[in-house]
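S.K.: Protein chains in written order, with the working numbering: chain A, 1 to 490; chain B, 491 to 599.
Note that these hints are calculated values from the structure, not bench results.
Ideal placement from N, C-alpha and C gives every residue a C-beta, glycine not left out.
Treat the hints with care, since some could be wrong.
[As the list claims (entries may be wrong)] Only part of the chain B face toward chain A is listed, based on derived beta-carbon distances under 8 Å: (1) Met503; (2) Val507; (3) Leu510; (4) Leu513; (5) Pro527; (6) Lys532; (7) Leu543; (8) Ile545; (9) Leu573; (10) Leu575; (11) Glu577; (12) Met581; (13) Pro593; (14) Arg594; (15) Val595.
[Claimed, not checked] FRET-style restraints, in silico, Cβ to Cβ: (16) A/Arg86 / B/Ala576: 54 to 60 Å; (17) B/Lys504 / A/Pro242: 52 to 58 Å; (18) A/Thr47 / B/Phe589: 28 to 34 Å; (19) B/Lys504 / A/Ile98: 36 to 42 Å.
Spelled out, the chains give:
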Amino acid sequence: MPQKLHELGLNEAINLVRSGEVRLVEVVEDYIDWIEKIDKEVKAYLTCNFESALIRAREIDSKSQKGRLAGAVVALKDNIVTKGVRTTCGSRILEHFIPPYNAAVVEKLEDEDAIIIGKTNLDEFAMGSSTENSAFFTTRNPWDLSRVPGGSSGGSAAAVAAREAAAALGSETGGSVRQPAAFCGLVGLKPTYGRVSRYGLVAFASSLDQIGPLARNVRDCALVSSVIFGFDRRDSTSANLPIPDFMAGLELPLDKKQIGILDEDSLSEVNEEVLANYKKAIQLLTGLGFKLTSLSFPTWRYALPCYYIIAPSEASSNLARYDGVRYGFRADSSDLSDMYIKTRTLGFGPEVKRRILVGTFALSSGYYDAYYARAARARRAIAREFQSAFRQVDFILTPTTPEPAFKLGEKQDPLSMYRQDYFTVTANLAGIPGLSLPSGLTSKGLPLGLQLLGPAFSELELFKLAFLLEKTFDFKNNIDGITTVREEEV
Amino acid sequence: MLTTGRLPIIVVMKSDVNYLSRLANLKLTEEEERQLPAQLDKIIDWVGQLAQLEIEAEEAEGENFTPVDFALRLEPDEPGQSLPLAEVLAMAPEKEGDFFKVPRVLTGK
């Protein structure tokens, strides 16, 4: 093979393994080699699953009928439970927690013979936009190791970008798959709420959480989606709807041509290069025969405050279970009440505590109506505005992030971090799908992402549009610095 | 009919933060007690701008919201298999027989 096995794209690796040309064990061994060399720089992985990966690979190699993902080496964000494999949520409170069951997505991946190579780093309990809130260490952006990979699924994004996995699963509550995808030059999808079972996804904000794939191209992203999507009766919010055949449909012509773009007002706080890239994309789409309409979206600017009331409120409820009684860290204490307080105080990091307190405030007597109840109504208004927009247009196009990957330690003020989610939280609030596609590089060589939004359950159309744009952008996700420099050292 | 409003101006005091932490079963360090009131004040003020959003009467109906319009399913009330007890207790910080063991509930103070 002229190319190293860990550099193969997801679909390529699957074709080679399923056809018998390459043994899965060799693919896994190559990944292990590479991860052992590079991860001390990137720090994407919290837990590596090498031994069981090799055992499983040998089993799969001996099968005559292999699953749709045989050949795929994938990483999972460490808030997705894996039976017998440590799952920390990036928190000290679950530092030694070993789940007794697999998440639904894990079952689906393993049923199709994917290899789960390890669990990736994240902001603690998925709260953050840079992975700097992990209790253990900070992951670096493979494009520039002095910068963040984004968050909260930063480890998953960094792993795929650095070829430490062919694809990965992350999770979103406010943009945590799309934003790291944009920062790391990857395709990232937040499915429609209800498309992917949340059974086994550690809950942060249950009405917002969704698992989503990160991959190096649209085809790979679509393939992983086709495996993880689907009804699951164990998740009461799971959508019981058929899944289109993404792989067959991807290259078919797109007959939906109306695209909504944001007006100047909504773009005032955006980095110059991001704006230039966005305008270039608009011109390109016009040239390709799409009709672009400027939308005024008056509720958009309220999405962030709305989100930062709803998400912390739900989190303050969901994280109440971490009390040291049944699992996880337990502090030494003199009585039960003392145990709850000490365990949580020592076990949770500062951002988690901050959000729990904001949520507690918004739900507390005397403030509930003005904050939580109002935010819930605002959410409905935002969702209505999307519904009305999608009566006019088929897609909405925005930049994914207001700026490219920032430096480690740069965003000290919590609000400056929250503002990273400006373009992404709307989709989580409205429950609609969103895809981030790499659309170019900045003058400093950092990736930029373009976001495509569609109505609920329109993932096939999003994939089609993204596939078309991908050919036009021709984004090269080979990172010179990290892959070639390290090879020479070896 | 549009409803809009001015949210009360909140100045988050150390006592408020202590009250909230008690509700959340958290205890702040001295440094957190110093920093958090101002941080929370800023965050709460920032999210408070939501008051400026005009909400139509139809949106003002109730606060329950599901992100996608499908009815939440009800499951039939049939007992199934639960997690085996051994697995449930496997991660217990302390156990005794079939029970999770915790420190005394009453402090005797």
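S.K.: Indicate, hint by hint, whether the structure satisfies it.
M.R.: We went through each hint and held it up to the structure:
no.: 1; hint: Met503; in the structure: 12 Å, violated
no.: 2; hint: Val507; in the structure: 7 Å, holds
no.: 3; hint: Leu510; in the structure: 5 Å, holds
no.: 4; hint: Leu513; in the structure: 5 Å, holds
no.: 5; hint: Pro527; in the structure: 10 Å, violated
no.: 6; hint: Lys532; in the structure: 6 Å, holds
no.: 7; hint: Leu543; in the structure: 5 Å, holds
no.: 8; hint: Ile545; in the structure: 5 Å, holds
no.: 9; hint: Leu573; in the structure: 6 Å, holds
no.: 10; hint: Leu575; in the structure: 11 Å, violated
no.: 11; hint: Glu577; in the structure: 4 Å, holds
no.: 12; hint: Met581; in the structure: 4 Å, holds
no.: 13; hint: Pro593; in the structure: 5 Å, holds
no.: 14; hint: Arg594; in the structure: 5 Å, holds
no.: 15; hint: Val595; in the structure: 5 Å, holds
no.: 16; hint: A/Arg86 / B/Ala576: 54 to 60 Å; in the structure: 19 Å, violated
no.: 17; hint: B/Lys504 / A/Pro242: 52 to 58 Å; in the structure: 55 Å, holds
no.: 18; hint: A/Thr47 / B/Phe589: 28 to 34 Å; in the structure: 30 Å, holds
no.: 19; hint: B/Lys504 / A/Ile98: 36 to 42 Å; in the structure: 39 Å, holds
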